[in-house]
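J.: Chain residues, written in single-letter form:
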Amino acid sequence: QQQVKQSPQSLIVQKGGISIINCAYENTAFDYFPWYQQFPGKGPALLIAIRPDVSEKKEGRFTISFNKSAKQFSLHIMDSQPGDSATYFCAASTGGGNKLTFGTGTQLKVEL
Amino acid sequence: KAGVTQTPRYLIKTRGQQVTLSCSPISGHRSVSWYQQTPGQGLQFLFEYFSETQRNKGNFPGRFSGRQFSNSRSEMNVSTLELGDSALYLCASSLSGALQETQYFGPGTRLLVL
Numbered sequence: 001q002q003q004v005k006q007s008p009q010s011l012i013v014q015k016g017g018i019s020i021i022n023c024a025y026e027n028t029a030f031d032y033f034p035w036y037q038q039f040p041g042k043g044p045a046l047l048i049a050i051r052p053d054v055s056e057k058k059e060g061r062f063t064i065s066f067n068k069s070a071k072q073f074s075l076h077i078m079d080s081q082p083g084d085s086a087t088y089f090c091a092a093s094t095g096g097g098n099k100l101t102f103g104t105g106t107q108l109k110v111e112l
Numbered sequence: 001k002a003g004v005t006q007t008p009r010y011l012i013k014t015r016g017q018q019v020t021l022s023c024s025p026i027s028g029h030r031s032v033s034w035y036q037q038t039p040g041q042g043l044q045f046l047f048e049y050f051s052e053t054q055r056n057k058g059n060f061p062g063r064f065s066g067r068q069f070s071n072s073r074s075e076m077n078v079s080t081l082e083l084g085d086s087a088l089y090l091c092a093s094s095l096s097g098a099l100q101e102t103q104y105f106g107p108g109t110r111l112l113v114l
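Read top to bottom, the protein sequences are chains Z and D.
For reference, each letter of the first sequence is one residue, going 1 to 112 in our numbering.
For reference, each letter of the second sequence is one residue, going 1 to 114 in our numbering.
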């Protein structure tokens with residue numbers, strides 16, 4: 001059972017544009033929602049994370065929007081750059097411990 | 001500070017064999033988690049160890065096992081390998097595994113089962 005659904009599967013954005021990736025979850029017990037960025041040949045790296053008591057969190061060009069009632073959250077990358085080209089994963093976890101449930105990933109390509 | 005290291009980086013095995021992968025967490029980190037990454041299933045949680053005890057377990061068959069040593073280094077073992085076990089196996093560490101604590105991933109071990 002896929003508990004975190006992610007879309008789109010792939011995304012092409014022009015340099016300077018806005019990249020938007022969406023995720024929806026089913027388990028209402030999830031209470032931590034991180035986004036990871038993965039480059040080829042590397043492990044995922046934490047980009048930004050949010051708790052459900054916050055509707056938006058911004059760090060530099062990256063913003064998470066969170067809609068608890070709709071059980072959806074999204075990543076916005078402003079002023080997208082070619083260096084942002086990577087695979088992005090949303091994830092969710094509940095309670096203590098480090099069991100992350102990941103979305104299926106979005107391959108982002110930022111073109112010049 | 002050195003990051004999470006995983007050895008070996010690449011491995012080729014044949015069906016029916018067993019394999020052991022190793023993970024050294026960031027110094028001071030006591031929680032180690034393992035994930036399997038495949039094109040079809042994405043990133044899936046295998047298990048988490050903290051202070052030499054398995055604290056969480058994913059939905060994988062018993063052929064997948066792990067352990068953690070007193071220095072927090074961890075190993076995972078897959079017995080009776082199947083073709084479907086071909087994947088990138090990622091290890092992640094964090095200080096204590098508390099909620100909202102950043103997990104730092106290693107580069108992974110790419111396993112190919114022939």
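The hints are simulated quantities; they were obtained by calculation from the structure and are not laboratory data.
Nothing here was measured: the structure is a model prediction, and the numbers come from that model.
A hint or two may mislead.
With a straight-line cut-off of 30 Å between C-alpha atoms, the simulated DSS-like cross-links for lysine-lysine are [stated by the list, open to error]:
1) Lys-13/D with Lys-71/Z
2) Lys-58/Z with Lys-5/Z
3) Lys-57/D with Lys-71/Z
4) Lys-5/Z with Lys-109/Z
5) Lys-57/Z with Lys-42/Z
6) Lys-42/Z with Lys-5/Z
7) Lys-42/Z with Lys-1/D
8) Lys-57/Z with Lys-5/Z
9) Lys-15/Z with Lys-5/Z
10) Lys-57/D with Lys-13/D
11) Lys-71/Z with Lys-5/Z
12) Lys-71/Z with Lys-57/Z
13) Lys-57/Z with Lys-109/Z
14) Lys-13/D with Lys-68/Z
15) Lys-42/Z with Lys-58/Z
16) Lys-68/Z with Lys-58/Z
17) Lys-57/D with Lys-1/D
18) Lys-5/Z with Lys-1/D
19) Lys-57/Z with Lys-1/D
20) Lys-58/Z with Lys-1/D
21) Lys-15/Z with Lys-57/Z
22) Lys-42/Z with Lys-13/D
23) Lys-68/Z with Lys-5/Z
Far from chain Z, by Cβ distances over 10 Å, these chain D residues were calculated [unchecked claim]:
24) Lys-1
25) Thr-14
26) Leu-43
27) Glu-48
The calculated label-pair distances, taken between Cβ atoms and stated as ranges, are [as the list claims (entries may be wrong)]:
28) Lys-15/Z with Gln-18/D: 23 to 29 Å
29) Arg-15/D with Arg-51/Z: 40 to 46 Å
30) Lys-109/Z with Ile-12/D: 27 to 33 Å
31) Glu-56/Z with Thr-20/D: 43 to 49 Å
Beta carbons are placed, not taken as given, at the ideal position from N, Cα and C, and that holds for glycine.
J.: If you check each hint against the structure, which ones fail?
T.: Hints 1, 14, 18, 26, 27 and 28 contradicted; others consistent.
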